[in-house]
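First to last, the sequence lines map onto chains A and B.
Each residue of the first sequence is one higher than the last, beginning at 0 in numbering that gives the first Met the number 0.
Each residue of the second sequence is one higher than the last, beginning at 0 in numbering that gives the first Met the number 0.
FYI, nobody ran anything at the bench for these hints, they're computed from the structure.
Be careful, since some hints might not be right.
Covered by chain A, per the in silico footprint, the following chain B stretches (three or more residues, Cβ under 8 angstroms) [unchecked claim]:
#1 24-33
#2 257-266
#3 284-297
#4 312-319
#5 322-335
#6 341-355
Heads up, incomplete: computed chain A residues facing chain B, CB under 7 angstroms, no partners named [to be verified]:
#7 K24
#8 G26
#9 E208
#10 L240
#11 L241
#12 L259
#13 A262
#14 L263
#15 A266
#16 L273
#17 M276
#18 L277
#19 A281
#20 E283
#21 H284
#22 R287
The following residues of chain B were derived to be distant from chain A, with all beta-carbon distances above 12 angstroms [unchecked claim]:
#23 S13
#24 D17
#25 Q115
#26 A243
#27 R249
#28 R368
#29 G376
Note that beta-carbon positions come from the ideal geometry of N, C-alpha and C, so glycine has one too.
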Amino acid sequence: MPSKTAARRPDRDWPRARLHIVTGKGGAGKTTLAGALAIALAADGRRTLLVEVEGRQGIAQLFDTPPLPYAERRIAAAPGGGEVRALAVDVEAALIEYLGLFYNLTRAGRALRRMGAIDFATTIAPGLRDVLLTGKVKEAVTRVADGHRVYDAVVLDGPPTGRIARFLSVNDAVGDLARVGPIKTQSDGVMAVLRSSQTAIHLVTLLEEMPVQETIDAVDQLCAAGLRASSVLVNLTRPPLLPARELARAASGRLDVGRLATALGKAGLQNPELASMLAAEAHEHAVRCALEEGYRTEITKLALPTLELATLPPPMDLGGLYELADELRASGVRTA
Amino acid sequence: MTRPVTSPALDVDSVLLDPGVSVIVCCGSGGVGKTTTAAALALRAAEHGRRVAVLTIDPARRLADSLGLRELDNSPERVEGIDDAAGGSLDALMLDMKRTFDDVVLAHTTAAKADQIFANPFYVALSSSFAGTQEYMAMEKLGQLAACRKWDLIVVDTPPSRSALDFLDAPQRLGRFLDGRMIRLLTVPGRAGGRIGARVVGAGLGLFSRILTKIIGAQVLADISSFVAAMETMFGGFRERAQATYELLRKPDTAFVVVATPEPDALREASYFVDRLRADRMPLAGLVLNRVHRSGSGLSAARASGAAETLAAQGARTAAAVLRVHAERSLVVEGETRLAQRFHAAHPTMPIAVVPALPSDVHDLDGLRSVGTALAGD
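So that you can see chain A by itself, here it is in the shape it has in the complex:
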């Protein structure tokens, strides 16, 4: 039976990771859950960094702030005195930074950007873009100041499920193009972090056919790339509203409409057609619940820690984000 509570504790332990990569099908709530995860992991005096790489400014929309620059800014406080910072990685700026860091070429880089050459370079080598983006994330994960890690955890609002495996297999992406050289070294370093136990990849899905199918495909594609999916976050669930026996009756269209009409009459609802209309709605609800149970079974077969997050009453605002963060904390997410 489906759970009645909003979030049930995952049936297996959550991975203890410092880099949390969140992916999901468009519309499944990937950015929202990445934001909630960043808050949850920052609780009790910790500091996390929430990163986006697709230039969508989804974090700014989520936290209702002006568009993020290519700089780490505090965007939210976490319960117990923690802090969430956010960063929108700009691929051109990341390349200039990279040139400055490794070749002392910051000024030349800026001049080349004005020529359009930086845009050209990040476009021409398809893998270069992803190496720069993941490289920036890795840098934040491993950054140390005054002998301490700057971030307790980094949460990446990643590309959607359909593209995640390719995005993260930076080695393959540059492998065809660069067999040696600085980019190869860089991508090897990134890959080592992504394949280590420091990294957890969370797949956000809905109890619907396409998102579940894509999630299953993504698990396989990640595996083929030598990466491991760490958990499934089932978002926007709605618990069945009918008791089990009635749910089964409604699913097969066997609800007693006459009895329903009599009961409704006692509550002052006398419209003679109402009972059959409501019975039809209950039937659709039950059919939907049965389908969702099927999708749950599919997800269970993945044998990954799975957490369900219930649909929150609208409107979805910052308060809702903190509620989701609480759910995640209650379920046991934690940093390494």
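Given the coordinates of chain A, work out where chain B should sit on it, guided by the hints.
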């Protein structure tokens, strides 16, 4: 929910059956049902007597099966099982982006040079994973199909881009990129002494290729250079082709259909898209609002919840639960209606067609047929 009362209805059949409409483009953000909408429109037009081709980009497996699309298949295949009493037909194909790119190369060069290009590692990367290649090739394929003149109507699904606008811009961006100054400069090292490049950009080129070599390595640069040299005869062609397809999309026999679900993100994308299509004077037919919930009883969520409490207190558990199902559904309907009204307020003349939410995804011709019926407002 139904269509906002004051918004005009999108008359889908008059678009589908208009002999003056030969291309329908379904666009919108990812996950709103673009592919299903495209397939349903194509099937309905075919069963009303038109000879139709539908170009899908990345269909769900079971939907692809229902159209007889077992694998990437770059040439249209006849869809069996449609009602052809009115004399129509339906062909379907799934875009194979690499093969489409290969075809473009083959059309512009000799077989020997084509083989050289196909073996180039840079071409392999470009044709399979370059951001924007899918969009370019979808539009390229549309251009090819339109040029065949075998069909009365071609219905196109658009790639699941990061932004709905990408598919309009990406082909030109790729065209500009392939024809651009930068890539031409790269041919210079392959030529005598690099004189031409040196004259054009002076010292900038030296710095540019030095840094590029640092970043991507000398081998990559060499691959790109030989790729560019082999492609030389095609340059100019890319941008021209992208421009030609763009112009095809602006012709009055094209109809854009923007697809959205009644959710904030999808409607925001739809809004951007509508504004952009209008600004570019693209022929926009209307909005398809997909997966819309309805409730017919007229009983409000508040009243249903109140009655549910009363009945639960009396021990009528089933009736109380049924009322709660209704209350939850009514809240969803109210939320969706509010969002649709806002969209309508921003675009008051935009025709809208509403497709009700189905309990499960569509994966057979009957399902597509009923989506088509809903689209037509029957």
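*chain B contact restraint on A281 (chain A) - CB to CB distance below 7 angstroms*: With Cβ-Cβ at 5 angstroms, under 7 angstroms, it holds.
*With d taken as the least Cβ-Cβ distance between A243 (chain B) and chain A, does d exceed 12 angstroms?*
Per Cβ check, A243 (chain B) is outside 12 angstroms of chain A; nearest 23 angstroms; holds.
*Minimum Cβ distance from K24 (chain A) to chain B below 7 angstroms?*
holds (6 angstroms)
_Hint status (Cβ of M276 (chain A) to nearest Cβ of chain B, threshold 7 angstroms)_ = holds (4 angstroms)
*R249 (chain B): least C-beta distance to chain A exceeds 12 angstroms?*
holds (26 angstroms)
*Coverage of the region 341-355 of chain B by chain A, judged on three or more residues with CB within 8 angstroms*: Our answer is that it is violated, as 0 residues pass the Cβ test (under 8 angstroms) against chain A, missing three.
*Quick one: work out the minimum CB distance from D17 (chain B) to chain A and report holds if it exceeds 12 angstroms, violated otherwise.*
holds (32 angstroms)
*Does L259 (chain A) meet its interface restraint, that is, does its C-beta lie within less than 7 angstroms of any C-beta in chain B?*
holds (6 angstroms)
*Assertion that R368 (chain B) lies outside the chain A interface [Cβ separation over 12 angstroms]*: Label holds. Min Cβ-Cβ 19 angstroms, cutoff 12 angstroms.
*asked:* Under 8 angstroms between beta-carbons, do enough residues of the region 24-33 of chain B, three at least, approach chain A for the coverage claim to hold?
replied: holds (count 4)
*Minimum Cβ distance from R287 (chain A) to chain B below 7 angstroms?*
At about 5 angstroms, which falls below the 7 angstroms cut-off, the nearest Cβ of chain B leaves the hint on R287 (chain A) intact, so it holds.
_G376 (chain B) remote from chain A - nearest C-beta pair above 12 angstroms_ = holds (21 angstroms)
The earlier numbered hint that this structure contradicts is number 6, and it is the only one.
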